[in-house]
Amino acid sequence: MDIFLQQIINGLVQGSIYALVALGYTMVYGIMGLINFAHGEVVMIGTLVTITVAGTLLNSGMPVALAGLAGLMAAVLVCMALGWALERIAYRPLRNAPRLTPLITAIGMSIVLQNLAMMIWGRNYLTFPSLLPKMDFEFAGANFTAIQIIIVLVSAAMMGGLLLLVYHTKLGMAMRATAQNPAVASLMGVNVNRVIAAAFVIGSALGAVAGVMVGGYYEIAHYQMGFMLGLKAFTAAVLGGIGNLAGAMLGGILLGIIEALGAGYIGDLTGGFLGSHYQDIFAFVVLIVVLMFKPSGLFGEKTGDRA
Amino acid sequence: MQAKLSVVALSVAAALALSACGQKEEPKPVAAAPGPVAKPEVVVKLGHVAPMTGPQAHLGKDNENGAVLAVEELNAKGMEIGGAKVKFELINEDDAADPKQGAIVAQKLVDAKVNGVIGHLNSGTTIPASKLYADAGIPQISGSATNPKYTQQGFATAFRVMANDVQQGKSLGEFAVKQGVKTVAIVDDRTAYGQGLADEFKKAAEASGLKIVASEYTTDKATDFKAILTKIKSKKADLVFFGGMDAQGGPMVKQMQELGIKAKFLGGDGVCTPKFMELGGAASEGHFCSLPGMPLEKLAKGPEFREKFTKKFGAEIQLYAPYVYDAVMVMADSMKRADSVDPVKFLPAIGKTKYDGVTAMIEFDQVGDLKGGAISIYQYKGGKLEYVETLGGNPVEAAKPDIKADIQADAKEAVADVKDAAKAVAGAATAVGKEAVGDVKHAAKAAAEAGKEAVKAGAEAVKGAADATKVAVEKK
Numbered sequence: 000m001d002i003f004l005q006q007i008i009n010g011l012v013q014g015s016i017y018a019l020v021a022l023g024y025t026m027v028y029g030i031m032g033l034i035n036f037a038h039g040e041v042v043m044i045g046t047l048v049t050i051t052v053a054g055t056l057l058n059s060g061m062p063v064a065l066a067g068l069a070g071l072m073a074a075v076l077v078c079m080a081l082g083w084a085l086e087r088i089a090y091r092p093l094r095n096a097p098r099l100t101p102l103i104t105a106i107g108m109s110i111v112l113q114n115l116a117m118m119i120w121g122r123n124y125l126t127f128p129s130l131l132p133k134m135d136f137e138f139a140g141a142n143f144t145a146i147q148i149i150i151v152l153v154s155a156a157m158m159g160g161l162l163l164l165v166y167h168t169k170l171g172m173a174m175r176a177t178a179q180n181p182a183v184a185s186l187m188g189v190n191v192n193r194v195i196a197a198a199f200v201i202g203s204a205l206g207a208v209a210g211v212m213v214g215g216y217y218e219i220a221h222y223q224m225g226f227m228l229g230l231k232a233f234t235a236a237v238l239g240g241i242g243n244l245a246g247a248m249l250g251g252i253l254l255g256i257i258e259a260l261g262a263g264y265i266g267d268l269t270g271g272f273l274g275s276h277y278q279d280i281f282a283f284v285v286l287i288v289v290l291m292f293k294p295s296g297l298f299g300e301k302t303g304d305r306a
Numbered sequence: 000m001q002a003k004l005s006v007v008a009l010s011v012a013a014a015l016a017l018s019a020c021g022q023k024e025e026p027k028p029v030a031a032a033p034g035p036v037a038k039p040e041v042v043v044k045l046g047h048v049a050p051m052t053g054p055q056a057h058l059g060k061d062n063e064n065g066a067v068l069a070v071e072e073l074n075a076k077g078m079e080i081g082g083a084k085v086k087f088e089l090i091n092e093d094d095a096a097d098p099k100q101g102a103i104v105a106q107k108l109v110d111a112k113v114n115g116v117i118g119h120l121n122s123g124t125t126i127p128a129s130k131l132y133a134d135a136g137i138p139q140i141s142g143s144a145t146n147p148k149y150t151q152q153g154f155a156t157a158f159r160v161m162a163n164d165v166q167q168g169k170s171l172g173e174f175a176v177k178q179g180v181k182t183v184a185i186v187d188d189r190t191a192y193g194q195g196l197a198d199e200f201k202k203a204a205e206a207s208g209l210k211i212v213a214s215e216y217t218t219d220k221a222t223d224f225k226a227i228l229t230k231i232k233s234k235k236a237d238l239v240f241f242g243g244m245d246a247q248g249g250p251m252v253k254q255m256q257e258l259g260i261k262a263k264f265l266g267g268d269g270v271c272t273p274k275f276m277e278l279g280g281a282a283s284e285g286h287f288c289s290l291p292g293m294p295l296e297k298l299a300k301g302p303e304f305r306e307k308f309t310k311k312f313g314a315e316i317q318l319y320a321p322y323v324y325d326a327v328m329v330m331a332d333s334m335k336r337a338d339s340v341d342p343v344k345f346l347p348a349i350g351k352t353k354y355d356g357v358t359a360m361i362e363f364d365q366v367g368d369l370k371g372g373a374i375s376i377y378q379y380k381g382g383k384l385e386y387v388e389t390l391g392g393n394p395v396e397a398a399k400p401d402i403k404a405d406i407q408a409d410a411k412e413a414v415a416d417v418k419d420a421a422k423a424v425a426g427a428a429t430a431v432g433k434e435a436v437g438d439v440k441h442a443a444k445a446a447a448e449a450g451k452e453a454v455k456a457g458a459e460a461v462k463g464a465a466d467a468t469k470v471a472v473e474k475k
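These protein sequences, in sequence, are chains G and E.
Residue numbers for the first sequence follow numbering that gives the first Met the number 0, beginning at 0 and rising by one.
Residue numbers for the second sequence follow numbering that gives the first Met the number 0, beginning at 0 and rising by one.
Just chain G, same shape as in the assembly (with noise of 0.2 Å):
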């Protein structure tokens, strides 16, 4: 039984690192019907900016907790930075395209970054500072850290934030607007140009958070690291209805708890006939299950009020 609950955690704690990557995605989905495939690479510029920014800190004998909100703020700021300039550059000149053209700018831009970040930062798998006391923690047998319930609990406010700013500010009313119709919206004097940069800003400030909780919890980056998650993450969103803000915290802790429950019964269930290295079919299975019941996803709506 202790078993059982530490796997919870376990899927948990990787579905709310899933879940804070997918609101970025979902929320540039929710208002283009873009998929962002550069999000994941976002994600891991954040990770490495702050191990760039809070290591050189640390070294000069800053705290750590000065030293962490400095890397944190460095790596919203980049990476704000480097959304705004991924719409300008790549997705702007291409939004009256066919929907497949900005889908293959998207994977170009994942792998321009890719090489970008590795000639900046090396080959290497970097180590991330420990910014976070270790902390552990044991409840009816199974084991926490800090940094597990921290990650569980920004994502948690991340979601609240986003929806609390879509539907309650006038910059969340005009970004619903533009995801009905953009052409109208513009009548309505809304300024399309600049919600949908606003959006790209703050899902690239959402993955740069990510990046700094990943990089906190496994203590390890790399260039690559973005590219599986943010394909995961992807996963969550579909799961949870792309679009859908609350949908991508669901697909999210869904994923990783199956993922979680997969690797660790799937051996005992089949006899040994199948391991734990199939663990992620327990996850797409149930993701085509959902599809073939519910095309749009959990929450995903057909029509109206994305994002």
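If you are wondering where the hints come from, they were derived from the structure by calculation, not from laboratory data.
Note that beta-carbon positions come from the ideal geometry of N, C-alpha and C, so glycine has one too.
It cannot be assumed that every hint is accurate.
As the list claims (entries may be wrong) - Examples of chain E residues toward chain G, derived with CB under 7 Å:
{"id": "1", "residue": "A56"}
{"id": "2", "residue": "R189"}
{"id": "3", "residue": "E215"}
{"id": "4", "residue": "Y216"}
{"id": "5", "residue": "T222"}
{"id": "6", "residue": "A226"}
{"id": "7", "residue": "S233"}
{"id": "8", "residue": "A246"}
{"id": "9", "residue": "E257"}
{"id": "10", "residue": "L258"}
{"id": "11", "residue": "P273"}
{"id": "12", "residue": "E277"}
{"id": "13", "residue": "L278"}
Said to hold, decoys possible - List time: in silico DSS-like cross-link candidates among lysine-lysine, alpha-carbon distance up to 25 Å:
{"id": "14", "chain 1": "E", "residue 1": "K261", "chain 2": "E", "residue 2": "K235"}
{"id": "15", "chain 1": "E", "residue 1": "K380", "chain 2": "G", "residue 2": "K133"}
{"id": "16", "chain 1": "G", "residue 1": "K133", "chain 2": "E", "residue 2": "K383"}
{"id": "17", "chain 1": "G", "residue 1": "K133", "chain 2": "E", "residue 2": "K130"}
{"id": "18", "chain 1": "G", "residue 1": "K133", "chain 2": "E", "residue 2": "K263"}
{"id": "19", "chain 1": "E", "residue 1": "K107", "chain 2": "E", "residue 2": "K76"}
{"id": "20", "chain 1": "G", "residue 1": "K133", "chain 2": "E", "residue 2": "K253"}
Stated by the list, open to error - So the derived label-pair ranges between C-beta atoms look like this:
{"id": "21", "chain 1": "G", "residue 1": "A84", "chain 2": "E", "residue 2": "D110", "range": "39 to 47 Å"}
{"id": "22", "chain 1": "E", "residue 1": "E205", "chain 2": "G", "residue 2": "G159", "range": "51 to 59 Å"}
{"id": "23", "chain 1": "E", "residue 1": "G81", "chain 2": "G", "residue 2": "D279", "range": "53 to 61 Å"}
{"id": "24", "chain 1": "G", "residue 1": "A96", "chain 2": "E", "residue 2": "K107", "range": "32 to 40 Å"}
{"id": "25", "chain 1": "G", "residue 1": "F272", "chain 2": "E", "residue 2": "K181", "range": "57 to 65 Å"}
{"id": "26", "chain 1": "E", "residue 1": "G350", "chain 2": "G", "residue 2": "A84", "range": "57 to 65 Å"}
{"id": "27", "chain 1": "E", "residue 1": "K181", "chain 2": "G", "residue 2": "P62", "range": "29 to 37 Å"}
{"id": "28", "chain 1": "G", "residue 1": "R87", "chain 2": "E", "residue 2": "P294", "range": "52 to 60 Å"}
Please build the complex by placing chain E on the supplied structure of chain G, with the hints as guidance.
Structure of chain E alone, referenced to chain G:
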């Protein structure tokens, strides 16, 4: 759609990475001093393949540095083969640790008509590539592919300069038993290397009575192992064995600690790196890993190599650089002995190699494996790899070839001496008469016994044997 997209992304990434590397990793032109040699300079093209991108790029770069160092030394020294001055040229390729990519770059090297290939780094890429090299008759020496299959395919062109995973798995199994371990959980990363090593370890562990309580799997790109570790925790293993690389092993020990797993961690050469300790931090303390061969500090040329390496590249040796260095040297040495850079002519010479390298005295057996490959166990202590012991092989003999040859020569002499002595005894016995026959037989037996010992112990024992024979004769 997703899968398709990722395939597109991957192939474009690979293409980009390749072109980027092609530009960046171009071997630096070495200024060729115009010598007095009349014949034109012959360029010997050596292909070197290792992952220069992807999660194992740091190890790939380390391998490449080893090869670059060897080639630069060879060129600086200046070699003459077949009467002409030769210049070695390194063609570096990136296989991204991907078997498909490995075959593609192997074909590229075959098309470029390289004289020999050093690499690849991973067993998973080396094995498929070795077929292409074998078909083209291009000799291949890997400094790091340890999966036994590589040399078992029956290719005359495949060699390696380190112990394979059969030896490594066996030694690790022996070590686990010595540590008093009873139950073992095995994790591998599903690569040819990781799986191969884990399988060999499993065989050795089961043979020595250890109980395998869990077999779990991960990938060579994963960072989260909590799910499988939680399962391992529930099975109460004394030891977690990991067949895989440092980029996974480091976070794995950290997560073991976070989950409160008290079991010891044991891994192969893939995790025996400084990077592992950097990534694992304090959690790596007290765990064990193994490396083929002997520690550099214990080898005659080891410290010198380390100094050269760090001076040139300003980086610590990660793992396989000395082996790759030796692989290049063995290739050059074989060309020299065959007096030809033509693969057809110097390939037989590789099999007859007897090269005193940095890592070992390099000789190959009939399939192309290193003879007498030793395995050393290390423990992570205070951020350093501390040498524990060497298992398997015959490292002392391997490291000091001349003594070995001497001993053998002495032993032969000893046998001859003893035979002579026995003959003399027999002659004397015949002269003495019938009653003595029984005693003489006894004496001859003693002499033969002593002779056997003499063979083992060498020259020292010969004296003893001769004495024994003398005593026998005197008795009569």
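Given the hint of 52 to 60 Å, check if G/R87 and E/P294 actually sit that far apart at their C-beta atoms. Holds, at about 55 Å.
Keeping to a limit of 25 Å between CA atoms, is the pair of E/K261 and E/K235 held or broken? The given pair, whose Cα atoms are some 9 Å apart, holds under the 25 Å limit.
Have a go at the E/A56 hint: is there a Cβ in chain G nearer than 7 Å to its own Cβ? holds, 3 Å
Holds or violated: the hint that E/R189 contacts chain G, with Cβ atoms closer than 7 Å. Holds, about 5 Å.
Can the hint on E/E277 be confirmed by a CB-to-CB distance to chain G that is less than 7 Å? Hint holds; E/E277 Cβ to chain G Cβ min 5 Å, cut 7 Å.
For the hint 32 to 40 Å, verify it against the beta carbon of G/A96 and that of E/K107. holds, 36 Å
C-beta pair E/G350, G/A84: status relative to the range 57 to 65 Å that was hinted: Roughly 58 Å apart at Cβ, these two residues keep to the hinted range, so it holds.
Regarding the hint that E/E215 lies at the interface with chain G, is the smallest CB-CB distance below 7 Å? holds, 5 Å
Does G/K133 pair with E/K383 here, judged by a C-alpha cut-off of 25 Å? holds, 23 Å
Given hint E/K263 paired with G/K133 - CA-CA distance at most 25 Å: Measuring from Cα to Cα gives roughly 21 Å; hence the hint holds.
Check the hint pairing G/K133 with E/K130 against an upper bound of 25 Å on the C-alpha distance. violated, 50 Å
Range first: 57 to 65 Å. Now tell me if the beta carbons of G/F272 and E/K181 are that far apart. violated, 27 Å
The structure fails to meet hints 11, 17, 19, 25, 27 from the earlier list, while all remaining hints are met.
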